[in-house]
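Trainee: Letter by letter, the chains look like this.
There are 2 protein chains.
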Amino acid sequence: MSHELTIYRGTFIHLPRLEGGLTTSKLKLIRNRGALWVSTLDGRIKGFDWDAHDEGSFRELMRVNGWVDVDAQTNGNSDHVKVKIVTSNEERNEFFFPGFIDTHIHAPQYPNAGLFGSTTLLDWLETYTFPVESGFGKTNTTPSNKPEDAPPSALRVYDQVIARTLSHGTTCASYFATVHVPATNALAALAHKRGQRAFIGRVCMDNPSFCPDYYCDASAEESLESTKSTIEYIHTLDPKGVLIKPIVTPRFAPTCSRPSLKALGSLAASYTPPLHIQTHISENENEVALVKELFPECSSYAGVYDNYNLLTERTILAHAVHLTPEERQLIQKQKAKVSHCPASNSALGSGIALVRTMLQEGITVGLGTDVSGGYSSSILEAVRQACLSSRLVGHTTKYVNENPQPDGSEKLSVEESLYLATRGGADVVCMGDDLGGFDNGMIFDAQLIQLGGVCEDVVSLDVSGNGVSGDELSVRGGPVGNVDIFGTETWEEKIQKWVWSGDDRNVKAVWVAGRMVHERV
Amino acid sequence: MSHELTIYRGTFIHLPRLEGGLTTSKLKLIRNRGALWVSTLDGRIKGFDWDAHDEGSFRELMRVNGWVDVDAQTNGNSDHVKVKIVTSNEERNEFFFPGFIDTHIHAPQYPNAGLFGSTTLLDWLETYTFPVESGFGKTNTTPSNKPEDAPPSALRVYDQVIARTLSHGTTCASYFATVHVPATNALAALAHKRGQRAFIGRVCMDNPSFCPDYYCDASAEESLESTKSTIEYIHTLDPKGVLIKPIVTPRFAPTCSRPSLKALGSLAASYTPPLHIQTHISENENEVALVKELFPECSSYAGVYDNYNLLTERTILAHAVHLTPEERQLIQKQKAKVSHCPASNSALGSGIALVRTMLQEGITVGLGTDVSGGYSSSILEAVRQACLSSRLVGHTTKYVNENPQPDGSEKLSVEESLYLATRGGADVVCMGDDLGGFDNGMIFDAQLIQLGGVCEDVVSLDVSGNGVSGDELSVRGGPVGNVDIFGTETWEEKIQKWVWSGDDRNVKAVWVAGRMVHERV
Numbered sequence: 006m007s008h009e010l011t012i013y014r015g016t017f018i019h020l021p022r023l024e025g026g027l028t029t030s031k032l033k034l035i036r037n038r039g040a041l042w043v044s045t046l047d048g049r050i051k052g053f054d055w056d057a058h059d060e061g062s063f064r065e066l067m068r069v070n071g072w073v074d075v076d077a078q079t080n081g082n083s084d085h086v087k088v089k090i091v092t093s094n095e096e097r098n099e100f101f102f103p104g105f106i107d108t109h110i111h112a113p114q115y116p117n118a119g120l121f122g123s124t125t126l127l128d129w130l131e132t133y134t135f136p137v138e139s140g141f142g143k144t145n146t147t148p149s150n151k152p153e154d155a156p157p158s159a160l161r162v163y164d165q166v167i168a169r170t171l172s173h174g175t176t177c178a179s180y181f182a183t184v185h186v187p188a189t190n191a192l193a194a195l196a197h198k199r200g201q202r203a204f205i206g207r208v209c210m211d212n213p214s215f216c217p218d219y220y221c222d223a224s225a226e227e228s229l230e231s232t233k234s235t236i237e238y239i240h241t242l243d244p245k246g247v248l249i250k251p252i253v254t255p256r257f258a259p260t261c262s263r264p265s266l267k268a269l270g271s272l273a274a275s276y277t278p279p280l281h282i283q284t285h286i287s288e289n290e291n292e293v294a295l296v297k298e299l300f301p302e303c304s305s306y307a308g309v310y311d312n313y314n315l316l317t318e319r320t321i322l323a324h325a326v327h328l329t330p331e332e333r334q335l336i337q338k339q340k341a342k343v344s345h346c347p348a349s350n351s352a353l354g355s356g357i358a359l360v361r362t363m364l365q366e367g368i369t370v371g372l373g374t375d376v377s378g379g380y381s382s383s384i385l386e387a388v389r390q391a392c393l394s395s396r397l398v399g400h401t402t403k404y405v406n407e408n409p410q411p412d413g414s415e416k417l418s419v420e421e422s423l424y425l426a427t428r429g430g431a432d433v434v435c436m437g438d439d440l441g442g443f444d445n446g447m448i449f450d451a452q453l454i455q456l457g458g459v460c461e462d463v464v465s466l467d468v469s470g471n472g473v474s475g476d477e478l479s480v481r482g483g484p485v486g487n488v489d490i491f492g493t494e495t496w497e498e499k500i501q502k503w504v505w506s507g508d509d510r511n512v513k514a515v516w517v518a519g520r521m522v523h524e525r526v
Numbered sequence: 006m007s008h009e010l011t012i013y014r015g016t017f018i019h020l021p022r023l024e025g026g027l028t029t030s031k032l033k034l035i036r037n038r039g040a041l042w043v044s045t046l047d048g049r050i051k052g053f054d055w056d057a058h059d060e061g062s063f064r065e066l067m068r069v070n071g072w073v074d075v076d077a078q079t080n081g082n083s084d085h086v087k088v089k090i091v092t093s094n095e096e097r098n099e100f101f102f103p104g105f106i107d108t109h110i111h112a113p114q115y116p117n118a119g120l121f122g123s124t125t126l127l128d129w130l131e132t133y134t135f136p137v138e139s140g141f142g143k144t145n146t147t148p149s150n151k152p153e154d155a156p157p158s159a160l161r162v163y164d165q166v167i168a169r170t171l172s173h174g175t176t177c178a179s180y181f182a183t184v185h186v187p188a189t190n191a192l193a194a195l196a197h198k199r200g201q202r203a204f205i206g207r208v209c210m211d212n213p214s215f216c217p218d219y220y221c222d223a224s225a226e227e228s229l230e231s232t233k234s235t236i237e238y239i240h241t242l243d244p245k246g247v248l249i250k251p252i253v254t255p256r257f258a259p260t261c262s263r264p265s266l267k268a269l270g271s272l273a274a275s276y277t278p279p280l281h282i283q284t285h286i287s288e289n290e291n292e293v294a295l296v297k298e299l300f301p302e303c304s305s306y307a308g309v310y311d312n313y314n315l316l317t318e319r320t321i322l323a324h325a326v327h328l329t330p331e332e333r334q335l336i337q338k339q340k341a342k343v344s345h346c347p348a349s350n351s352a353l354g355s356g357i358a359l360v361r362t363m364l365q366e367g368i369t370v371g372l373g374t375d376v377s378g379g380y381s382s383s384i385l386e387a388v389r390q391a392c393l394s395s396r397l398v399g400h401t402t403k404y405v406n407e408n409p410q411p412d413g414s415e416k417l418s419v420e421e422s423l424y425l426a427t428r429g430g431a432d433v434v435c436m437g438d439d440l441g442g443f444d445n446g447m448i449f450d451a452q453l454i455q456l457g458g459v460c461e462d463v464v465s466l467d468v469s470g471n472g473v474s475g476d477e478l479s480v481r482g483g484p485v486g487n488v489d490i491f492g493t494e495t496w497e498e499k500i501q502k503w504v505w506s507g508d509d510r511n512v513k514a515v516w517v518a519g520r521m522v523h524e525r526v
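Respectively, the protein sequence lines represent chains A and B.
The numbering used here numbers the first residue of the first sequence as 6 and each following residue consecutively.
The numbering used here numbers the first residue of the second sequence as 6 and each following residue consecutively.
It cannot be assumed that every hint is accurate.
Since the list can't tell identical chains apart, any single copy or any two copies may satisfy a pair.
As the list claims (entries may be wrong) - In silico DSSO-like links for lysine-lysine, alpha-carbon gap of 30 angstroms or less:
no., residue 1, residue 2
1, 51, 33
2, 499, 143
3, 513, 87
4, 51, 89
5, 403, 297
Just so you know, the hints here were simulated from the structure itself, not pulled from any lab data.
Next up, chain A with everything else stripped away, as it sits in the complex (with noise of 0.2 angstroms):
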């Protein structure tokens, strides 16, 4: 039987909506109890009511309203409006938060996550991205547009991708897919399955100097036409971009020819409203040298996508470890938004990025996994990773040489990590209307957390020396994955065990637009 709404009830925690962006370092969560009701037909927040927490007063709501419950045995009565109840179960820890915003993540690399050896960027790409990426189709060959021209293997990857990246509660992406535009396509038409939001680039990169001879854009036109091929795939596939839309994606300024950053930046602004664009920025040393190597004209690294009108309000720089002063200054004139990988960072020893530093210049940072130079799929991962890194940075010659005393201020609270995964996503991704947050009209992309239940609290000393046995050699009571909840905790510190002890056994269900997208079973 159909219903009109959805209603939650249950315990809703989110971060604040900061219309000047992350600039305090005071944040704090919000904690509603009550219900919230989504719309089936839009997916949006058409209301709230937090003092409907005891049966009593969500009755008396349901009443008011003429709501009926599509799930109870009662007949039915045309007046009534049909809705649907999901409730947290309060005695599991269980609460509603909104979804994950991953800004940066390579779809084809999925395999190789968790495989980078001791290897930084550039060796990283010959060794273990470029070889994987080429196998997602064939160069050269006739021109197709069509998913199930992708290899098989290349399907099984972004599917599983997608429904990975789903059940760490990440309900939107905005992926790198290869050069292949079969493949790519396919990515689009799987996220549009399984439900997810997704901005989906086909990668540009026609420079045979710095693309290896077996996985390159042939020429700066090819890789122009590729783009709009796909482009014009996701377009047929979701003509509003409800879920799926297109970005632009110049790999980063080595792998791409002038003439190619050229055209690529013209093409996103042909459009109204113009297209996102995603690209990679100073996230290593050398790269950052090749780069001014390469442009000696550009001012910058940054200097370079000004110059190819590359750096817009909808443009995602990934990792932005490296910029100088004026670079980041540049990025914040233009309102070009930043994705923040701290595992990739980390894991490929690029360094680590001063965060603390570009949001108080007022410039836009969400998160990344930046899945493969990230081994992780799981943007609470990225979560924990940018607090760790945070409380970090003070120790490295970069800050110390911008902030010689370090006072305690560039690190990131558990709180503002979240933000960042959320509220901050949304701004990256120019979303900050619709998503990120429970505000009444937002859509609910949503995920709802389960921590468990108290620990048990009757163990025996008996050390008769035999040991335990069955049961007992588990671990017992409540919990569903490593949160180990004591009792003692403030409902605060309850979110700070699951940042720093939760995983995806934590995300019981999640929603994209009031679809329930993934259910851990």
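Assemble the complex: chain A is given as a structure, and chain B must be docked to it using the hints.
Mentor: Relative to chain A, chain B alone:
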């Protein structure tokens, strides 16, 4: 029916034993496939046959040795030796790996795992640590050495931390308890009951200037007597120290009076062999400055411990982040050991220890979780963090001061981090002849790792817009946790995937001295 031997069949992976310690950077994992047998009597490895991999040669091995499977329905023959057979499943990517050794963990702080805010060491102790530890008993009450006099909440926490660490594959842990004798003895009793190998240390802290008034030994004498009481209890519980051993535990120099430090050094030396010792050193720069101020007569922080005969070859020094070259030299000379706690050092912003430098100078290093300065009770997480922080250390001022041109040699490989977690840890607790690998004669402390099967290949591209439902909502295929195997990986790459994406879900079973102490259900 009892059995004399257990035969473990399948794949065994471990690190080679390096007598000179981990000074090479070309460490490789060893993989053997076949059978290995362990005596029920003493839990030691009595032999192996790496030719007995296929069914035929295994049956021949059984026949030649006169072994019969205790679980098979055969008639007994008194000439035959009854054996139990445990087999790893190749298709599920299962393998045996040595148990992890956690060389530094604070059991009572486990309820605080993940709670530390943005504090650093000294304020973290006051805000989080001392309050939780003080709840493990009352000071200044009638002396008792009975575990049952510990508060029920203490038993619950201790039982959970043992269960959790076992579930992560930790077969041996060196625990800090609290100042309280009954609860400390309960920790020993519970570890003994669950079958975890453990060093149990009652914490000594008698300096009222640096201990809170609500949580402090009354005097150096009381500190000594209480310590003796736990030592006696443990020697009664496990007279031969098969599983549980006492360890003398001055918290760290600032919390201990000179008479206490002196008495504890003498106490450890008064036993044959001398008792193990554990403490903290040079975790944080403010702490280093404080020690310098408090002990102006000593040459250095390490010098304080050396001065009181606490820097022995049976001493575990936790952290060692800010040691001077002279201190490292002293530690190496005295053969004291270092517990590297990377998750904690990042979480509390302490800095990054110069692990490669210490290793190359001949210092023995193992890994510690340092719960709850460390947020995770998993040594696999410590392995990851050791790799990650070693990839960042080249960006730190401290490292660059000693090595103006980092050349990448500071990075720890996955293999090296796993060495620290097994062989290294065994050397840190002076059991390198007994633990850390599958060498003949060693004690079988091991874990059975299960990565799961290869991801399924069939993906539908049906983009009718009806989306997925039911089973399809979940991650498909063979994985048991977050490790995805696509079938193209080498076995070494599977190990890397385990290290970077694995968790307790991949720990199928754990044995200590051949006794199963954890099984994933």
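Trainee: Which hint numbers does the structure go against, in order from smallest to largest?
Mentor: Violated hints: none; all satisfied.
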